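Line by line, the protein sequences give chains G and L.
Heads up, the first sequence is in our numbering, so the first residue is 690 and it goes up one at a time.
Heads up, the second sequence is in our numbering, so the first residue is 690 and it goes up one at a time.
Among the clues, some could well be false.
Pairs count within a copy or across copies, as identical chains cannot be separated in the list.
In silico DSBU-like links for lysine-lysine, alpha-carbon gap of 30 Å or less [as the list claims (entries may be wrong)]:
1. K887 with K984
2. K773 with K757
3. K851 with K757
4. K773 with K984
The hints are simulated quantities; they were obtained by calculation from the structure and are not laboratory data.
No experiment lies behind these values; they were computed from the predicted model shown.
Chain by chain, the residues:
Number of protein chains: 2
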Amino acid sequence: MRKQVLSLLLLALTGCATPKASFGAPTLGKDALATQIGEKPTPTSPPTGQQWLYGSAEGSIASAQVYKSMAQFVRAQALNRSAKMQVVLAEGSTPDTPRFESCGAKPLAAVFDADETLIWNVGAMRYMAEQGKDFDPFIWNAWEKSGAGKALAMPGAIEALKIMRDAGVTVIANTNRSAANAKGTEDALRMAGLGEFKHQETLYLMGDDAMGSSKDGRRAAIAAKYCIIALGGDQLGDFAQAFNMKSLSVADRRKLATHPAIANLWGNGWFLFSNPVYGPSIRGSYDEIFTSETKWAPAQ
Amino acid sequence: MRKQVLSLLLLALTGCATPKASFGAPTLGKDALATQIGEKPTPTSPPTGQQWLYGSAEGSIASAQVYKSMAQFVRAQALNRSAKMQVVLAEGSTPDTPRFESCGAKPLAAVFDADETLIWNVGAMRYMAEQGKDFDPFIWNAWEKSGAGKALAMPGAIEALKIMRDAGVTVIANTNRSAANAKGTEDALRMAGLGEFKHQETLYLMGDDAMGSSKDGRRAAIAAKYCIIALGGDQLGDFAQAFNMKSLSVADRRKLATHPAIANLWGNGWFLFSNPVYGPSIRGSYDEIFTSETKWAPAQ
Chain G
690 MRKQVLSLLL LALTGCATPK ASFGAPTLGK DALATQIGEK PTPTSPPTGQ QWLYGSAEGS
750 IASAQVYKSM AQFVRAQALN RSAKMQVVLA EGSTPDTPRF ESCGAKPLAA VFDADETLIW
810 NVGAMRYMAE QGKDFDPFIW NAWEKSGAGK ALAMPGAIEA LKIMRDAGVT VIANTNRSAA
870 NAKGTEDALR MAGLGEFKHQ ETLYLMGDDA MGSSKDGRRA AIAAKYCIIA LGGDQLGDFA
930 QAFNMKSLSV ADRRKLATHP AIANLWGNGW FLFSNPVYGP SIRGSYDEIF TSETKWAPAQ
Chain L
690 MRKQVLSLLL LALTGCATPK ASFGAPTLGK DALATQIGEK PTPTSPPTGQ QWLYGSAEGS
750 IASAQVYKSM AQFVRAQALN RSAKMQVVLA EGSTPDTPRF ESCGAKPLAA VFDADETLIW
810 NVGAMRYMAE QGKDFDPFIW NAWEKSGAGK ALAMPGAIEA LKIMRDAGVT VIANTNRSAA
870 NAKGTEDALR MAGLGEFKHQ ETLYLMGDDA MGSSKDGRRA AIAAKYCIIA LGGDQLGDFA
930 QAFNMKSLSV ADRRKLATHP AIANLWGNGW FLFSNPVYGP SIRGSYDEIF TSETKWAPAQ
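Hey, can you work out the whole structure from these sequences and the hints?
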């Protein structure tokens, strides 16, 4: 996630960091670390997206609902002995013309993003928000190294992973945290109660290959050893890098992600977790978010 | 929803309405209608929650995923001839000590909230945001009367309602839109492609009884005629009014909503749709949203 966050948390959080300050006395962030993105007045309460995701009953239930249906799906797949296909797009195929390879006799696996999919980064998110910052890559790097014990398992995750592992499915994380901080991430996942993840066996990180923040190569590496029957993530890049093409407009990205050729995978092999706090989902002008056909004004 | 919106859209949208203005030239709202909540500089792009919900692929997929699993659940219940229980809390019972009545021979029904559950209020949401307003009850009232054709069916809703109706299940809306605007809401639902909803038969509105914005009485009235096998909504009040007790802290509300006595209902009779834009979910200070156990700071 790190690279995405660097370029996108800005879009995501600028929307909410400032106005709360107008309810309180703004003070500048004071941490000693360098900031690559400008500082902001300290908000007196978290951004609305963080209130919904990390604090509300609705945010917790939304996560638990997805984990419940994902666990049911994975367990049913594991009990069903029929031949399986990978749910990862075959190399060179695209969401609008997908190909999927057969699994042969490979052992089953479920592959998850880490940040805001397996764990809530509440320690770092609170710290950066209280500092009035959208995102600080130095703070984030410190979080990857030392955040273990301060990150929370997402609601429903611990129960769902137990069901999957009990069904004989290997649980693997594929995250854009840095390979340089592998131990910190292994510790964060274990201390959140999610069990053991081992770098290059059940934990794939940015830097494991030369493809940067694209997870396609790591997915291919996992699919070479396992039959991936389910993918879980909060960003479309957790399913296929094609969704991150810079050339895609907001509408085209939505259209591609719901293309009839893959639409049936959502909730049925591909499982999306709601994250209204950061990521490529948080962008767009009024004309990009709303269509002209639905423009309305009250009668004067 | 109306009353909730009046008291809560404020909390929801203040977080995002102002800062975007700092990216553009703020101008005051100009609509001729009275405003009960103060105006704001016009933001140059929608609040982040609206970007995620109404514009992003992720927001659309989150809705479609819930509708897909809800349709599967309702269809399976309809095909299963065994005796059913209402999924509505029996009168006088609470989420922590729930009772559910048996359905006897009543016909099956699925009950939905309307706003941000069956339909996206994109016309009014864009208009109010562009006016720099959190919420304006006069504009909202005009929207209930004249918004038909400018509201969109939520992703997955049309397909899911067809599956439910084809399975012999009656689809009913229970919304806090005003009974005085019944025709406008009937028209909005029909013109969004969701089919026919008839006031006091398949459409229950605020003002149908003396309980104001509490939907408990309307749920009881529906349960007197139907076997309610599923509830869908974006706010906990769509499931039980007990979740709206003013005395509940953010943490207590989350605890009550995930109490072991009802936790299994989520995704299994009770279906929640993600709405990070407005509602009782959008509230809380840093100390209310984050626990002290997860407080973290980078090493200095």
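Structure-based check of each hint:
1. K887 with K984: Classified as between: cross-chain Cα gap 26 Å, same-chain 51 Å, threshold 30 Å.
2. K773 with K757: This pair counts as both: shortest intra-copy Cα distance 22 Å, inter-copy 22 Å.
3. K851 with K757: Both, since 12 Å and 24 Å are each at most 30 Å.
4. K773 with K984: So K773 and K984 fail the 30 Å test inside a copy (46 Å) and across (44 Å) alike.
Of the hints listed earlier, the one the structure fails to meet is number 4.
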